[in-house]
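> Line by line, the protein sequences give chains A and B.
Counting from 1, position 172 in the first sequence corresponds to residue 172 in our numbering; the numbering is continuous, with no gaps.
To convert, take the position in the second sequence, counting from 1, and add 1000; that gives our numbering.
Among the hints, a few may not be true.
Unchecked claim - In silico contact screen, one side only, chain A against chain B (beta carbon under 8 Å); selected entries: (1) Gly94; (2) His99; (3) Leu103; (4) Leu107; (5) Arg114; (6) Leu116.
Said to hold, decoys possible - Simulated DEER-style distance windows between Cβ atoms: (7) Asp140/A - Asn1296/B: 21 to 31 Å; (8) Arg109/A - Ala1039/B: 39 to 49 Å; (9) Asp140/A - Trp1192/B: 48 to 58 Å.
Claimed, not checked - Beyond 12 Å from chain A on every Cβ pair, some chain B residues (computed): (10) Leu1018; (11) Asn1042; (12) Leu1161; (13) Leu1194; (14) Gln1287.
Read the hints as simulated data drawn from the structure, not as lab findings.
Because the structure is a prediction, the values reported are computed rather than measured.
Ideal placement from N, C-alpha and C gives every residue a C-beta, glycine not left out.
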Amino acid sequence: MSTEALRAERIVKTFGHVTALAGVSMHVARGEMLGILGDNGAGKSTLMKILTGFHQPSSGQVFVNGAPVTLASVDRARALGIECVYQDLALINGLSIYHNLFLNRELLRPGPFRLLDHRAMRERARAALADIGVNIPSVDLEVGQLSGGQRQAIAVARAVASDARILLLDEPLAAMGAREAGLIIDLIERLKSRGDIAIVMIAHNYAQTLEICDRVMLMQHGEVTYESRAAETSAAELLEIVRREYRAARAG
Amino acid sequence: MSAAATAGGLRGRLREFLLRPEASVIVVAVVLVIYFQFANVNFLTNANLQTLSQFIATPVIIACGEIMLLICREIDLSVGQVFALAPFVMERAHDWGLPVPLAMAVALAVSGGVGFVIGLITLRLRVPSFITTLGMLFLITGLTLTISRGFPADTPGGKLLTNLMGNWGYAEICWAFAVVALMHIVLRHTRWGLHTIATGGNAIAAAEAGIDIDRIRMGNFILTSTLGGFAGLLEAFRIGSTDPLAGGSNIMFLGVASGVIGGTAIAGGAGTIIGGLVGGIVLGVLQDGFTLQGINAFTFDIIIGAAILLAMVANIHLARLRGGAR
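For reference, chain A alone in the conformation it holds in the complex:
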């Protein structure tokens, strides 16, 4: 069987009186891709931010490679191989591609002055982009000059280049045309085929998510209300569940 990379059990997260997550469990294996669907405010992004160590859960337990862990900080989660590509694109427009790829993991020249090693970062950045088949004319370009798809590709490349074993993608295809989305889907497929990376993707688009994920999970009001292998369900079925929820909410 496949080996489990990440598991979260009964995660609860409250912000003051607001319960963002009311006991959510999920798991994903190496070489597997899990899609998390749900409306705005369903708790998808909160779950992501707990898995990246950005928020701490109020209760519940996370396991990496089967061992219980405390994701006390983003750095701690990263050390465990968890990387997230955020919806708001954690890229800095005013910095070059290679500076972005190495943000907060900069390579330094040897010596007491701790100066940046621009040359080594450029070279490694070129290699990292080539490695996952991202085609960009120069790593010296400022990220602000790239298209949405290229920026997303850089963000994914950054996660992979930092030895991510568990890749979390927050709306990677949002606000993207078909051609641009195709670029990212190809990239995700290539990563999946490597077999050593577990991918969790948050998305809105049911059809797209069922197309590229192995398994999908539906979140509503901070809970997981449905889970299935992608091949065994359909966008229509998922929509029906959501519709039922709407009717119940309106009736209540």
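Following the hints, position chain B against chain A.
Then chain B, alone, in the frame of chain A:
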């Protein structure tokens, strides 16, 4: 064949230069120097160059701090008051029996302390730095007036130290160049500089990448105040005494204007120390050049103001052209 390649390389290099954010202000500076030298033969003389260098040094040192703050989307309006406070702290510390170098260190520490307080109020109590430092501006003016009882103070120190720290004609500008060189390296070649740009460019993204953005902001507040105090000390050594109302908002605005004219974005996320140096030179050359020409003091401010506006318009539109060219 090879000649054509060289010409292409030259043109390419020229193009690369013109695409830099400092390029337009460097061109302006060169044009101004040429103009004033033609208009007045005394412009490029040793005596005038000393005056000019002394006028440029202070705003440039202050600009180095303000540029770092502007890049991370903060500002310090009170740095001109720290400029006046530092010499009085040094003088008091000397009166208490500390040797002058130690008294200078105390003055710099107090200056840095002001930045620390600004940082605490801005970052912990979430007051925008524009407001925090506006309050500090008045607070420190009052503090300096209280310490000095409203009287100027003589600068302590032996001959060698005094000459080194500002009394020799070109000492101040040498210190300014040293600060510029150091801060340029910090901005372009250290993690601190990179993280400062990241903090101003996209604070959420920087935090998500694990950068401690409050630490970056705090550090740059402390840096700016310390540099303001340092500039004040240099000026005190140069003149031999300090007035409690020296510096002030005028020097602060010159520092900010130098940075902005030099190509630092007032909205944060981008900036250049070298541009700040050239911006300071442009302002200094304008002021000094028009003084040599004997322009009436009243018209003078009109010209300076118009020049700043013109430089800004040129800069913003050249930046847009640059963006379009790529």
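> Take the hints in turn and mark each one as holding or not.
Hints versus structure:
| no. | hint | result |
| --- | --- | --- |
| 1 | Gly94 | 4 Å, holds |
| 2 | His99 | 6 Å, holds |
| 3 | Leu103 | 5 Å, holds |
| 4 | Leu107 | 10 Å, violated |
| 5 | Arg114 | 7 Å, holds |
| 6 | Leu116 | 5 Å, holds |
| 7 | Asp140/A - Asn1296/B: 21 to 31 Å | 49 Å, violated |
| 8 | Arg109/A - Ala1039/B: 39 to 49 Å | 47 Å, holds |
| 9 | Asp140/A - Trp1192/B: 48 to 58 Å | 21 Å, violated |
| 10 | Leu1018 | 17 Å, holds |
| 11 | Asn1042 | 42 Å, holds |
| 12 | Leu1161 | 28 Å, holds |
| 13 | Leu1194 | 6 Å, violated |
| 14 | Gln1287 | 32 Å, holds |
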